[in-house]
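Chemist: Each chain, written out:
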Amino acid sequence: MSDNSVPTLSVDHLSVFIDKKPIVCDISLNISVGQWTCIIGPNGAGKSTLLKALAGILKSEGSISVDGNDLRSFSEKDRACWIGYVAQDPVFPRGMRVFDYVMLGRTAHLNLLASETPLDTSMTESVLRDLDLMEFSHRDVATLSGGERQRVAIARALAQASPFVLLDEPTTALDVGHQQEVLELIDRLRAEHKIAVISTMHDLTVSGMYTDHLVLMNHGKSSVSGTPHEVLTPEHIKIHYKVDVDIIDNAGFPMVLPRRTLQ
Amino acid sequence: MIKKNVVVAALFALALSACGTTTSTAPSSTPVAEFPVSVGTGESAVTITSKPKAIISLSPSATEDLFAIGAGPQVIAVDDQSTYPVEAPHSKLSGYTPNVEAITAMHPDLVIISNDIDNLAASLKAANIPVLIEPAPSDLAGAEAQIIELGRATGNSDRAVIIKITMEHDISAALNLLSKPTKPISIYHELDNTMYSITSDTFVGQLYKMAGLTNIADAAPGASSGYPQLSAEYIVKSNPTLIFLADGICCGQSAATVATRPGFGALQALTMPGAVVMLDDDIASRWGPRTPELLHNIVMAVNKVQGK
Amino acid sequence: MHTATATRISRKTWVISAVAVCLALLVGVCVGAVSIPPADVLAELGNHLPFVHHSNNSSLNSTIIWQLRLPRVILALVVGSMLATAGCSYQGTFRNPLADPYLLGVSAGAGLGATVAIVSNHSVAHWVLPIASFAGALIAVALTYSLGRSALVGRSSTALVLAGVAVANLLTAIQTLVQQRNAEKIREVYAWVLGRLNTAGWGDVRLVTPYIAVCLIVLIRYRRVLDIFAVGDEEALTLGLPVNRARAAVIIAASLGTAAAVSVTGLIGFVGIIVPHILRLIVGNSYRVLMPLSLMFGGVFLVLADVIARTALAPQEIPIGVVTALIGAPFFLYILGSRRSADLT
Chain A
1 MSDNSVPTLS VDHLSVFIDK KPIVCDISLN ISVGQWTCII GPNGAGKSTL
51 LKALAGILKS EGSISVDGND LRSFSEKDRA CWIGYVAQDP VFPRGMRVFD
101 YVMLGRTAHL NLLASETPLD TSMTESVLRD LDLMEFSHRD VATLSGGERQ
151 RVAIARALAQ ASPFVLLDEP TTALDVGHQQ EVLELIDRLR AEHKIAVIST
201 MHDLTVSGMY TDHLVLMNHG KSSVSGTPHE VLTPEHIKIH YKVDVDIIDN
251 AGFPMVLPRR TLQ
Chain B
1 MIKKNVVVAA LFALALSACG TTTSTAPSST PVAEFPVSVG TGESAVTITS
51 KPKAIISLSP SATEDLFAIG AGPQVIAVDD QSTYPVEAPH SKLSGYTPNV
101 EAITAMHPDL VIISNDIDNL AASLKAANIP VLIEPAPSDL AGAEAQIIEL
151 GRATGNSDRA VIIKITMEHD ISAALNLLSK PTKPISIYHE LDNTMYSITS
201 DTFVGQLYKM AGLTNIADAA PGASSGYPQL SAEYIVKSNP TLIFLADGIC
251 CGQSAATVAT RPGFGALQAL TMPGAVVMLD DDIASRWGPR TPELLHNIVM
301 AVNKVQGK
Chain C
1 MHTATATRIS RKTWVISAVA VCLALLVGVC VGAVSIPPAD VLAELGNHLP
51 FVHHSNNSSL NSTIIWQLRL PRVILALVVG SMLATAGCSY QGTFRNPLAD
101 PYLLGVSAGA GLGATVAIVS NHSVAHWVLP IASFAGALIA VALTYSLGRS
151 ALVGRSSTAL VLAGVAVANL LTAIQTLVQQ RNAEKIREVY AWVLGRLNTA
201 GWGDVRLVTP YIAVCLIVLI RYRRVLDIFA VGDEEALTLG LPVNRARAAV
251 IIAASLGTAA AVSVTGLIGF VGIIVPHILR LIVGNSYRVL MPLSLMFGGV
301 FLVLADVIAR TALAPQEIPI GVVTALIGAP FFLYILGSRR SADLT
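Chains as they are written, first to last, in the working numbering: chain A, 1 to 263; chain B, 1 to 308; chain C, 1 to 345.
Don't read these hints as lab results, they were simulated from the structure. Worth double-checking, as some hints may not be accurate.
[To be verified] Okay, the calculated bits of chain B under chain C, using three or more residues with CB under 8 Å as the criterion:
#, region
1, 136-150
2, 220-230
3, 234-248
4, 261-272
[Claimed, not checked] Cβ pair distances, simulated, as ranges:
#, chain 1, residue 1, chain 2, residue 2, range
5, A, K20, C, A173, 49 to 55 Å
6, C, T158, A, L262, 50 to 56 Å
7, C, F331, A, R129, 27 to 33 Å
Idealized CB from N, CA, C, for every residue including glycine.
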C-alpha cells in the first residue's frame, strides 16, 4: 500500500483495439475509493469495452495501475483482489445455488487448488445477510427474478471484497422500482464498504442522481468529464446524443427531459 | 519325404496295373479323352469344356493340391494367402475380399475358390468363367475327394490318384508311430491370440480325434459353431495336457507368450517340456497334401508327453 | 434465521457410494465363465489376507479367482473411475454436458496407434500395444491443443472443441485406411476398438494404475475450479481464475488418464458421458459433488457392465464398449422420463 490513505485506480492513455479498430481511444481516469464514477455515452461509444479492459477481459494499451502498481503485471488472482466485475448480462448457471454462486466471489482469496475456509463461508453468509438474500441461499440462481438476480450478482462482487467494483449496466433489465432499489443499495454499500464503483449507465438522469463523477464517452474518447451538473448540459447532449433536451433541477440533481417538437 | 513316397506309390500303381486294371500308369503323357467334364455338385456344378490352361486359385489349400497333382504349369495366378509352394505365381488377388474385375482381367478359364463371398461365383459365371467351389471339408475323406475332383477338372486325374494314395499311406504311417495314450490326453488347439479354437467337427479337429485325443473345445460353450472362442477361465479350468499353437506366424504366439497370459502360469502344459507345440499356421489351416505332416507333428507331441 | 451452507456431499451419500463400490467388486469376482460358489470365492480372497487361512479351493479355482477375475474387476474399477471423472471434467471445463473424455481426439489417436501396432505385427510383445495407443492418444491431444489454442478468452474452448473434431476425423480416416489395407487384421483391430477387459492381468493393472491414480488426484483437486468455469470464461477471469492455465491442467490430466486407460482396455465409450450425467440428474450440477461421485460410480458402472458382458450372452463375451452403450442409453432415458426435463442444463 502506498502512503496515500485511499487506494486510487489510475488509468492512463488506455486504448482498446478490436479487429484492429480502435474502440477505446486514449482514456485517462483517476478513481479513488469512496467515489462513484459513471461512464455514459451513446450506443457504441465503447463504454462496456472500457470496463472489460479495466477488468482484464480485453487486452489494452496504456496503463492501468493501482497506487502506482501496474495491474497488468499482476496474476489473475491478485488482480481480482483489486477489481471486481459484474457483467451486463451475467451467466447464471442452471442448478447452481445462490450460496455457491456468491461464494465464487471468494475465488480471488483462495489458492487454485485450495478449498474454502470457514472465513470464506462466513463472509459469504454476511454478504447474503446484508443484501437480504438469506432466504434465497439454497435456491437455484436460474429460478430467481431479474431484481433478485442482480442483487445476487452484486453480492458475489462484494464477497470478492475488492476495493474497486465495475458494474456494467447494473439496472438496464430492471423495472423502475427495482432500479431504484439496486442503486440505493450500491450507494449504501459504497459508503459502508468503502469501495469505489465504476459503472456504465444508459439512463442519464439516474446516473446524475447517484454518482459524483461522470465521464461522457463518444467514439471511444472521453469527451467531457466532471460533476453531473458540468456534464449533463443541453449542449453536450445535443453534440453527442444528437437530440434536444431540457435540463431541470430536481432537488439538486440535474434531470434530463427529452424535448419533443410536434409537427 | 513326399518324393520317396511317390516312388513307393508308383510301385503300388505298377502292381495294380499288373493285376489287370485299366488305370493308366504313366502320369498324363498319353492323351485321354477327359474333357468336357462335369465337376461339382448341385449349385456349384460346372462343366469344363477343355483342359484349363489359365487357372486362378483363390484358395491356399487348392493351390497346394493343384501343384501337387501336376497342374502347376496350368496355373496363372494364386491369391495373396497362397504361400506354398513357393513357385506358385503369387498375386495381389484376395480370397477374402475378391475383386471380380481384377480376376476377369487376367482372362482365366477356371477359378477355384473356397468360399463364395460377395456372390463371386455368380459374378464369374455371368462373365462365362467356370468356377469351382472347394470349401473346407469336415474330414480326411472329404479332403481326398477334393484332390480327385481337382484332378478331373484340370486333366490330371492320374497324378491326383497317386497323391491321394500317398496321403493315405502317410497318414497310416503316422498313426502307426503313435503310442496310444493309456490315460486320456486332452488338447487345446489355438487359432489366434483371442483364444479361438476348433472342435472335433472340423477338419483339423478330426486329426486330433484320429490320434485318440480329447479336445477341450468340444465341451466348451459355443462348440456347436465348430470354432468356439474359449475364455481364459475355461482353458485354465480344463487344464489341457497339450497345447497346439497355430498362431505363431499370424499373431506371434509361442510358449513364452502363452506363459505370460494371466492365469496360464498354472497350466500343466507349461511345466512339461514339449507340451506346448508350435504348428505351422498354414499347414494347420489347410486341408491340402501336407496334412500328413500335421498329423505327424501331433503324434510326435503325444509320444513325447508320454515319455516315449 | 437459517444458516446457509455450501453444497457438499452428505455423509449418507458417501456411505452409499462406498457400499456400492464394495458390492460391485464382490459381484464382479463371484461371476465368471466357470462357476465357483461365492463362499469359495470369499474364502479365496480371505486367503490372501494375513492371518486368515481358510480356503481349500483347488489351485485351479484359486488361479481363476486371483489371476483372472480379480485383476479384471480391479481394472474395470480403475478404468471406469478414470473415464467417468475425465468425462465430468471435460463437461465442466467446456460447459457442455455432452462432452466426453474422447472430445479432443484421444480415442481417434489411441485407435490409430493401436491399429498401427496391430497391423505391423508388433502388438505381440505385450507392452507394445498399450504404448502405441498411449502415444497415439497424446499426439492427437497435442495436435488438437496446438491447433485450437486461441488468444481470446471466451473463444478458446470452442476453438479447442472444433480442433478436436477435425483431428479426430482426420485420424479416424487414416485408421480406416490402414485397416482396409490390412483386412485380415480387422477382427483384431475391432476387438480392440470395441473395448475389452478379458485379457486383463495384474500386469495391466500395475501398468496403468499409477498414471490413473495421479490424474484422478489432480482432477479431484480441481473440482472447485470446475464450478468456477460454469459462469463462463470472461467472468471466471474476473473472479481471479487463470482460465487458460486451469483449463490446460484439467485437459492434460483428463487426457493423460484417459489415454492410459484406453491403452490397455481399448475404447470403452459412454461411461464418460452417462455416469456424470445420471449423477447430475440425481445430485445437481455442482462439480464439487459430481467429481468424487463420478469417480466412484464410474468404477461401479464399468464393473457391473463387465459382469453383464461376461454373462448376458454366455458363452460369447460381448465387447464391453457395446455393453456400456446398451445399458447406458435406456437407463438414461428412464431417468430422463421420471424427472422434469427443465432440470437439465
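Chemist: With reference to the structure, classify each hint as holding or not holding.
Modeler: Outcome of the hint check:
no., hint, in the structure
1, 136-150, "violated (count 0)"
2, 220-230, "holds (count 5)"
3, 234-248, "holds (count 4)"
4, 261-272, "holds (count 5)"
5, A:K20 / C:A173: 49 to 55 Å, "violated, 37 Å"
6, C:T158 / A:L262: 50 to 56 Å, "holds, 51 Å"
7, C:F331 / A:R129: 27 to 33 Å, "violated, 43 Å"
The structure is inconsistent with the numbered hints 1, 5 and 7, although it conforms to all the rest.
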